[in-house]
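**Q** Next come the chains, spelled out residue by residue.
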Amino acid sequence: MITELLSNEEVAAIVLFGIGFTMLLFQKNLIKKLIGMNIMDSGVFLFLASMGYIGGRKAPIVTDGIAEAENYINPLPAGLVLTGIVVSVSVTAVMLSLTIRLYRRFHTLDLDNVYELLKQKAEEK
Amino acid sequence: MDFIRNFPLFMIILSLFSGALCFMLPRKASFVYTVCFECLLTAMAAALLVFTSQTGSSFTYTMGEFPAPWGNEIRAGITESVFALGFVFILLCSVTGGYRYLNGDTDPTKVNLFFALVNLLTAALLSLVFTNDIFTGYVFLEILTLASCGTVVVREIGKTTLAAIRYMILNLLGSGLFLLGVVLLYDITGNLLMEPMHGVITEIVSESGVIPSLSIAVAILTIGLSIKSGLFPFHYWMPDTYGFSTPSAAAILSSLTSKGYIFLLIKIYCRVIGLDTLRQMPVCDVLLSLGLLGIAVGSVQAMHTNNINTMIAFSSAAQIGYIFAGIGLCTEDGMIAALFHILAHAMTKSMLFITVPRLSEAAGGAKVFRDLQGSGIRDKDAGVAFAIGAFSMIGIPIFAGFASKLLFGIAAIDSGSNFKLTMIMLALAVSSMLNAIYFIRTLIRIFTPAGDTGLMEHPRHHAGFLIPVALLTAVNLFLGLFSGVVTELITRGLAMFP
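Order-wise, the sequence lines are chains U and F.
Everything in the first sequence is counted per my numbering, starting at -7 for the first residue and increasing by one.
Everything in the second sequence is counted per my numbering, starting at 1141 for the first residue and increasing by one.
Next comes chain U alone, as it looks inside the complex (with noise of 0.2 Å):
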């Protein structure tokens, strides 16, 4: 029933997002947390593709000197998705620096973990 609303790729790039989020809500590994960020990007990415994309049409480049649009797929979603993939590589890198320092402070990337070695210095003090 639902492929009759959305195409196979539409459905695919959700269940895609939905796998992303809840791994970025629920691992508690940070590296994990970051890959399910990806993942969940990627969705949305193959989400404009596909909306993008127009059957029996070719790429919006050009060729053989045919001007008319309607021979060309939408080229926006794909321009929405390069702007998409910089923004997700800057976040990516920002949260690994982060990951990075985290890890040098308290040689763990289990966040549990972090909580509790705060606590006990906590304590300590």
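If you're looking for bench data, these hints aren't it; they were derived computationally from the structure.
These figures come from a predicted structure and were not determined experimentally.
Be a bit skeptical, because a hint or two may be false.
[As the list claims (entries may be wrong)] Some chain U residues near chain F, calculated using beta-carbon distances under 10 Å:
| id | residue |
| --- | --- |
| 1 | G12 |
| 2 | M32 |
| 3 | L40 |
| 4 | V78 |
| 5 | V79 |
| 6 | V83 |
| 7 | V86 |
| 8 | T91 |
| 9 | R93 |
| 10 | L110 |
[As the list claims (entries may be wrong)] Sample of chain U residues with no beta-carbon within 12 Å of chain F, all distances over it, derived:
| id | residue |
| --- | --- |
| 11 | G48 |
| 12 | R49 |
| 13 | A51 |
| 14 | V54 |
| 15 | I58 |
| 16 | A59 |
| 17 | Y64 |
[Claimed, not checked] Calculated lysine-lysine pairs in the BS3-like style (CA-CA distance at most 25 Å, straight line):
| id | chain 1 | residue 1 | chain 2 | residue 2 |
| --- | --- | --- | --- | --- |
| 18 | U | K113 | F | K1507 |
| 19 | F | K1299 | U | K111 |
| 20 | U | K117 | F | K1299 |
| 21 | U | K20 | F | K1299 |
| 22 | U | K111 | U | K20 |
| 23 | F | K1520 | F | K1507 |
| 24 | F | K1507 | F | K1299 |
| 25 | F | K1299 | U | K113 |
| 26 | U | K24 | F | K1299 |
| 27 | F | K1250 | F | K1299 |
| 28 | U | K20 | U | K113 |
| 29 | F | K1507 | U | K117 |
| 30 | F | K1168 | F | K1250 |
| 31 | U | K111 | F | K1507 |
Even glycine gets a Cβ: it sits at the ideal position worked out from N, Cα and C.
Starting from the known structure of chain U, fit chain F onto it as the hints suggest.
**A** Just chain F, lined up with the frame of chain U:
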């Protein structure tokens, strides 16, 4: 005068450029440069406000001369100018007021990086205020998040790293949802500029009512932005993030970053969805209930804490609840009250965040209430500033907090629903009472003589503290006494929104 039409773009581009410049400047020079630059931005925003309110119209600035459905646009009307002015002014005061602590909190060689981040944050904030393109909104939303996170980790202790990671994870969840909402809206309307989107949505709604996919898109987008701005139940990152970061960063985060997201949400509601369509969606009632719950929970948590920074952070959560309750009414009065409260709360909170470190300094670095006794007497400047901020938060007449509570009351009466009226009035009453309890308790504590503690008096006056606090107090009183002027500007601005 037509030259002023370029100001919105200039403000954004110059802020980006300043961000790059501050990476290269030495420590002191980057501070002086940032302060001068923020003064310039304030003047530009003021000129823009005068221009738009005199001509009484808004204007769009087409980037690269591509006309409407294709190009990217910046739009400036009265509301945008008021908020650009308010945001830049608060930024100026927060940066100046917290500078003294920055040197102690960070590695001295990295102070200029903080100012680089502040300038990038300004650019992102101004873009959120001015943009007319919803995807540009998303891009600058992420830049704002990254820059804010950077200002938190500038103070290099383990706790800020942890706080920044928690902050980022919640914000990333929010951004992901916001992006999905934007993409769904694009799927429905086929446009990214706000006016054409609004046109298509009105057409769809008049033909086939509020279709489920539209409601879902709006709901996803709303959840994303409310996670990012810290609406209950997503507010638990606030105490750590605000409490451990350097005072300037705490002031900027609580009074500007979260407010920038809310301003974008209001803009999308008024300009893309339209209030009439919005009223038919369930998202309004959800926002109203979460807002009211946030008011109650935030106030109770603020009352139960033992730490002055945590108290102020939780009180922020309660104030965010007010704003969302106003938005949840989905009426024009509700939006006006929410917008006014954004300004009122931002002015007050930034003042409290740059005052508290001085109080705790006067108490020998303590942050727990018991040890703060008498700190308001030892450092009278900070004591008086805290009292003014506290009075405004409680909502005592002549201060800004009173005017916004009055506006919420009026909006609730005009909402036309007795149940909503009762709930909002109840929340206003309970929260004002709780606010009064925990702020007056703190005031009594800091103004009670502590006896002989061996701590030094603080006779010195710091211009870097007094000037921003005096400016913020003046604006606070202006908002309280002449709230009519500001609400009239906002009303006129909202009228030209669609």
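**Q** Holds or violated: K1299(F) with K113(U), Cα cutoff 25 Å?
**A** With Cα atoms ~11 Å apart, K1299(F) and K113(U) stay inside 25 Å; holds.
**Q** A closest beta-carbon separation below 10 Å is what the hint needs, so does T91(U) meet it against chain F?
**A** holds (7 Å)
**Q** Classify the hint on L110(U) as holds or violated, based on whether any CB of chain F lies nearer than 10 Å to its CB.
**A** Check passed: Cβ of L110(U) comes within 7 Å of chain F, closer than 10 Å.
**Q** Holds or violated: K20(U) and K113(U), Cα atoms, limit 25 Å.
**A** Within the cut-off at roughly 21 Å; holds.
**Q** Given V86(U) was flagged as interface, is its beta-carbon under 10 Å from a beta-carbon of chain F?
**A** holds (6 Å)
**Q** Is it true that the CA of K113(U) sits at most 25 Å from the CA of K1507(F)?
**A** Distance ~18 Å between K113(U) and K1507(F) Cα, so the pair holds.
**Q** Would you mind confirming whether the straight-line C-alpha gap from K117(U) to K1299(F) stays at or under 25 Å?
**A** With a Cα-Cα distance of about 15 Å, the restraint between K117(U) and K1299(F) holds, given a limit of 25 Å.
**Q** Measuring Cβ to Cβ, find out whether Y64(U) lies farther than 12 Å from everything in chain F.
**A** holds (15 Å)
**Q** Next pair to validate is K111(U) with K1507(F); report whether the Cα-Cα distance is within 25 Å.
**A** OK: K111(U) and K1507(F) at ~18 Å, within 25 Å.
**Q** Does the nearest C-beta of chain F fall within a distance shorter than 10 Å of the C-beta of V78(U)?
**A** Nearest chain F Cβ about 9 Å off; hint holds.
**Q** Minimum Cβ separation between V54(U) and chain F greater than 12 Å?
**A** V54(U) clear of chain F: closest Cβ-Cβ about 17 Å, beyond 12 Å.
**Q** Within 25 Å, alpha carbon to alpha carbon, are K1520(F) and K1507(F)?
**A** The given pair, whose Cα atoms are some 17 Å apart, holds under the 25 Å limit.
Violated hints are absent here; each numbered hint is respected by the structure.
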